[in-house]
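What follows is each chain in one-letter form.
Protein chains: 2
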Amino acid sequence: MLTYNSFASPMLTDYYQLTMAYSYWRNKIHDKPAVFDLFFRENPFLGEFAIFAGLEEVLSFLERYRFEDEHIDYLCSKMNIRDEDFFKWLAGVDASKVRLYAIDEGTISFPNIPLIRVEGPLAVCQLLESPLLNLVNFPSLVATNASRFRIAAGREKRLIEFGLRRAQGIDGAVSASRYSYIGGFESTSNVLAGMLFGIPVAGTHAHSYVQAFKGPGDISNPMICGPDGRQSNLLEISMEIRKELNFENTNLGELSAFVAYALSYPDSFLALVDTYDTLRSGIPNFLCVALALIKLGFKPIGIRIDSGDLAHLSKTARKMFVDTSLFYEIDLSFLKIVASNNINEEVLYSLNSQGHQIDIFGIGTHLVTCQAQPALGGVYKLVEADGQPRIKISQDLGKVTIPGRKDVYRIYGREGYPVLDLMVLTGDAPPEKGEKVMCRHPFNEIKRAVVVPERVEPLTRLYWDGRRVKEKRSCHEIREFVLKQLSGMRSDHLRALNPTPYKISVTRNLYGFIHDLWAAEAPVTELG
Amino acid sequence: MLTYNSFASPMLTDYYQLTMAYSYWRNKIHDKPAVFDLFFRENPFLGEFAIFAGLEEVLSFLERYRFEDEHIDYLCSKMNIRDEDFFKWLAGVDASKVRLYAIDEGTISFPNIPLIRVEGPLAVCQLLESPLLNLVNFPSLVATNASRFRIAAGREKRLIEFGLRRAQGIDGAVSASRYSYIGGFESTSNVLAGMLFGIPVAGTHAHSYVQAFKGPGDISNPMICGPDGRQSNLLEISMEIRKELNFENTNLGELSAFVAYALSYPDSFLALVDTYDTLRSGIPNFLCVALALIKLGFKPIGIRIDSGDLAHLSKTARKMFVDTSLFYEIDLSFLKIVASNNINEEVLYSLNSQGHQIDIFGIGTHLVTCQAQPALGGVYKLVEADGQPRIKISQDLGKVTIPGRKDVYRIYGREGYPVLDLMVLTGDAPPEKGEKVMCRHPFNEIKRAVVVPERVEPLTRLYWDGRRVKEKRSCHEIREFVLKQLSGMRSDHLRALNPTPYKISVTRNLYGFIHDLWAAEAPVTELG
Numbered sequence: 001m002l003t004y005n006s007f008a009s010p011m012l013t014d015y016y017q018l019t020m021a022y023s024y025w026r027n028k029i030h031d032k033p034a035v036f037d038l039f040f041r042e043n044p045f046l047g048e049f050a051i052f053a054g055l056e057e058v059l060s061f062l063e064r065y066r067f068e069d070e071h072i073d074y075l076c077s078k079m080n081i082r083d084e085d086f087f088k089w090l091a092g093v094d095a096s097k098v099r100l101y102a103i104d105e106g107t108i109s110f111p112n113i114p115l116i117r118v119e120g121p122l123a124v125c126q127l128l129e130s131p132l133l134n135l136v137n138f139p140s141l142v143a144t145n146a147s148r149f150r151i152a153a154g155r156e157k158r159l160i161e162f163g164l165r166r167a168q169g170i171d172g173a174v175s176a177s178r179y180s181y182i183g184g185f186e187s188t189s190n191v192l193a194g195m196l197f198g199i200p201v202a203g204t205h206a207h208s209y210v211q212a213f214k215g216p217g218d219i220s221n222p223m224i225c226g227p228d229g230r231q232s233n234l235l236e237i238s239m240e241i242r243k244e245l246n247f248e249n250t251n252l253g254e255l256s257a258f259v260a261y262a263l264s265y266p267d268s269f270l271a272l273v274d275t276y277d278t279l280r281s282g283i284p285n286f287l288c289v290a291l292a293l294i295k296l297g298f299k300p301i302g303i304r305i306d307s308g309d310l311a312h313l314s315k316t317a318r319k320m321f322v323d324t325s326l327f328y329e330i331d332l333s334f335l336k337i338v339a340s341n342n343i344n345e346e347v348l349y350s351l352n353s354q355g356h357q358i359d360i361f362g363i364g365t366h367l368v369t370c371q372a373q374p375a376l377g378g379v380y381k382l383v384e385a386d387g388q389p390r391i392k393i394s395q396d397l398g399k400v401t402i403p404g405r406k407d408v409y410r411i412y413g414r415e416g417y418p419v420l421d422l423m424v425l426t427g428d429a430p431p432e433k434g435e436k437v438m439c440r441h442p443f444n445e446i447k448r449a450v451v452v453p454e455r456v457e458p459l460t461r462l463y464w465d466g467r468r469v470k471e472k473r474s475c476h477e478i479r480e481f482v483l484k485q486l487s488g489m490r491s492d493h494l495r496a497l498n499p500t501p502y503k504i505s506v507t508r509n510l511y512g513f514i515h516d517l518w519a520a521e522a523p524v525t526e527l528g
Numbered sequence: 001m002l003t004y005n006s007f008a009s010p011m012l013t014d015y016y017q018l019t020m021a022y023s024y025w026r027n028k029i030h031d032k033p034a035v036f037d038l039f040f041r042e043n044p045f046l047g048e049f050a051i052f053a054g055l056e057e058v059l060s061f062l063e064r065y066r067f068e069d070e071h072i073d074y075l076c077s078k079m080n081i082r083d084e085d086f087f088k089w090l091a092g093v094d095a096s097k098v099r100l101y102a103i104d105e106g107t108i109s110f111p112n113i114p115l116i117r118v119e120g121p122l123a124v125c126q127l128l129e130s131p132l133l134n135l136v137n138f139p140s141l142v143a144t145n146a147s148r149f150r151i152a153a154g155r156e157k158r159l160i161e162f163g164l165r166r167a168q169g170i171d172g173a174v175s176a177s178r179y180s181y182i183g184g185f186e187s188t189s190n191v192l193a194g195m196l197f198g199i200p201v202a203g204t205h206a207h208s209y210v211q212a213f214k215g216p217g218d219i220s221n222p223m224i225c226g227p228d229g230r231q232s233n234l235l236e237i238s239m240e241i242r243k244e245l246n247f248e249n250t251n252l253g254e255l256s257a258f259v260a261y262a263l264s265y266p267d268s269f270l271a272l273v274d275t276y277d278t279l280r281s282g283i284p285n286f287l288c289v290a291l292a293l294i295k296l297g298f299k300p301i302g303i304r305i306d307s308g309d310l311a312h313l314s315k316t317a318r319k320m321f322v323d324t325s326l327f328y329e330i331d332l333s334f335l336k337i338v339a340s341n342n343i344n345e346e347v348l349y350s351l352n353s354q355g356h357q358i359d360i361f362g363i364g365t366h367l368v369t370c371q372a373q374p375a376l377g378g379v380y381k382l383v384e385a386d387g388q389p390r391i392k393i394s395q396d397l398g399k400v401t402i403p404g405r406k407d408v409y410r411i412y413g414r415e416g417y418p419v420l421d422l423m424v425l426t427g428d429a430p431p432e433k434g435e436k437v438m439c440r441h442p443f444n445e446i447k448r449a450v451v452v453p454e455r456v457e458p459l460t461r462l463y464w465d466g467r468r469v470k471e472k473r474s475c476h477e478i479r480e481f482v483l484k485q486l487s488g489m490r491s492d493h494l495r496a497l498n499p500t501p502y503k504i505s506v507t508r509n510l511y512g513f514i515h516d517l518w519a520a521e522a523p524v525t526e527l528g
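These protein sequences, in sequence, are chains Z and S. The first sequence begins at 1 in this note's numbering and counts up by one. The second sequence begins at 1 in this note's numbering and counts up by one.
Don't take every hint at face value.
Copies of one chain are not kept apart here, so a pair can be met inside one copy or by any two copies together.
[As the list claims (entries may be wrong)] Cut-off 20 Å, straight-line C-alpha distance, at most; resulting in silico cross-link-like pairs (SDA-like, lysine to any residue): (1) K436 / L494; (2) K214 / E384; (3) K214 / D386; (4) K214 / Q388; (5) K32 / Q373; (6) K214 / D516.
Simulated from the structure, these hints should not be mistaken for lab results.
Bound-form chain Z, shown alone (with noise of 0.2 Å):
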């Protein structure tokens, strides 16, 4: 089975990067060396950060990077170029003449900071130019959102990534379960990204599960044999218990239903209370059948709820726990109450507010498809062509490129924490720990700041020379470097609400680069 999607051949790209490639190539400049930037302009969520992510996808695209015939009879058909010999170049083309430099995936990153850069022919840099961005802009939205849900639940609680169902396409969904995996997301509901990638994977029962169960007959054997070996009628104890409690109004096609999963996983047995009456029915079904368990000497995981006013529901259902713990002097207090149904951050928030009783919280519309911004502006823009630098201007100042080949550094000040990325021209002296540095905004003259290095960190990294020339690294690591960046960053970048902007500056010899090619290159605007 393959471990990549099918669909990631150079073949996903925009039809304009192959009229350009041809248009290069008559020309007889694809060969020229050209340098390209992947960054993007703006924070994704109101925040002040992202995480960038799906650098590893890029890398193993690149290496499959070759078109097959079948690429190039379709291509011959619909370019309608008579000059047979752009499809033998094409033919021949892959990464090996590219290199490609990028911060570390998992990084927390800024606008503008080049996330990659593409060094190599003209051409085949144009090409990559599409599938790159898809395989980057996706991957880093949702590793973002997820590291905003992690934020919001706290890190003691557990999240599980449910979105399959809603997700934009399967790809859609495998992506947004790695990539929230990445963010900060414990486990995922889809099997695909579990076996794919060893994320964990979690689930329980859903509703029909309980309706296809009218009552005890649907019990084909209701005997379990307990950690002490004996054979015990689970069914049996669970309705004790039910008369002992005084449930005796509950569905009992559902507690049959409960009975009939616990049979099938004692050991991790969690029920889902909502489908007929969380209070009256769901939640005392499932302690009917937790007892019985208890009893037998098994320790149920706890409650699913995912309708209604998780709030209340979910602090009842702590309460209940408790009466009942008291009324059987036994202890409770390891139940779990999972809660889903349409979270959000803001409903995360919410919830903290009003003293939440959930442990572990499902999501999956809003986090995978990223409803609060479904898309992240990533760009990939030309910096250098044969050898001379390049701008991008735009009426729009935040359309502007910074031009020519960077290398980023993050700077560290006294408390420990990042205060700042710095660009700095490849070749240039990098700053230095204890060293004075004058930092300017890029783009405006007025913003400019002096600081003092207690530690750099050089972010821009040679990541693949005509080959891979860095190791692999597994979602699990990337995840752990996520987690451990997030706490090492002043809070009040992260923060959903009036984060603090973290700055971005270039040296003082970069913006007077930048500065003198755009004054060649601009226009003086007339008006009237």
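Given chain Z, work out where chain S should sit, using these hints.
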């Protein structure tokens, strides 16, 4: 090369489907007959309709529905089940005992109408829930979104899907291309989607192409062979026209890029004109090269504008074309104006109200990520188990399911428009042309209507009976079907602002059936 996504395997499911399957199997109810309905509860985008899509992918998924050895090995290692026989059973599962009824792909559809009805062994139908929802939700959402853009732009405009770089994952992009086409777009920039589904591909060049040219020196050979077989120097002729028209302040790198592009595509020259300055450099440069091409006997296509005020720029561009055509006394009315840059439904309506001069829209992010609502809430609910109808009740009226096997009929009125959809219990007499029928709101006792159908169209058809029992339909056929239906609906149901709801109803018999079951299952709420 695979024509389907390699991730579309039985493992593309939620883990709880597998835990439920085991529990059904262990309780020996896995083979009991079950019926599930797939439907949505609310129209997307604050509209009053949706386009049902994804059926062909569902059928192709069923054809390949089999767990592979490595899937079974993975599940064995994860599921903590000692019953080896369950995995033997699972390894033998396929869709050969499943029947699938559906409305035709591309049908305009409405809340609560079963889009798909799945019948078969309980455990198998259960396993299909997550993948079927994934394969229907996003396709239907994108097709609906595309049809709304089509309605907003007007039938005579051309629409190109441009969303690859911002889509949610690889397949988010490929699916968006496919279903935007089905929803009424003309073409896509996505080459892979073009190849896989036969969708026309479109595209020209990017800003980086223009930036890659510093001046005439980057053109390797300015000579071009005209339709008459004579060689001419395109650069020289363009430069002469530039002088004639007093356009000598335009950016020379841009002019060179346009000449180079025209040399590559003399029959289909379309220039992106906003790299430096749309009105003072881009359009003048385009005109120089376009007029040179015309002089040599070619027919250029036009310009693309990718930033700025699209209404103002398109009107000014048109005026410049008209002025030039008067100056040279030639017809330039065939020149097309393509616009892109963050276009959504509202932008289209706003452009309409300003009398824009755009012929072709390139639409990306908002279309493919469905920014206005990035998920369709399609659900898959058990409506019959072991021959008995099942109802999922809920305190939220909108979440009650309609139990039992149902067929859907579309009823047309005297003016030839559909007036309502009627659900009938399978086996009950269908509505007949000219015969009065009582139609009831499924949940609201008060809402009733009598209708005499002018025409009755049965919508529910058998598509899968252990194997595909209907011919494959191409994207082109489905697209034609969508466009035909859109023009056959009363426009007030389709309009963007305050559209009229379309009536969804049930027969008197089905109404009674729902409400009897509801009363039997629902507990009477106790307050206090």
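Going down the list of hints, with the structure as the test:
1. In this assembly of identical chains, K436 and L494 lie within 20 Å of each other by CA distance neither inside one copy nor across copies; the values are 27 Å within and 64 Å between.
2. Taking the shortest Cα distances, K214 and E384 sit within 20 Å of each other only across copies (12 Å), while inside one copy they are farther apart (70 Å).
3. Proximity of K214 and D386 under a CA criterion of 20 Å is satisfied inter-copy only: 10 Å between copies versus 74 Å inside one chain copy.
4. In this homomeric assembly, K214 and Q388 come within 20 Å of each other (Cα to Cα) only across copies, at 10 Å, whereas the closest approach inside a single copy is 75 Å.
5. Neither within a single protomer nor between protomers do K32 and Q373 lie at most 20 Å apart by alpha-carbon distance, with minima of 38 Å and 44 Å respectively.
6. When the C-alpha separation of K214 and D516 is checked against a cutoff of 20 Å, the pair qualifies only between copies, where the shortest distance is 17 Å, while the shortest distance within a copy is 78 Å.
Checked against the numbered hints given earlier, the structure breaks hints 1 and 5 and satisfies all the rest.
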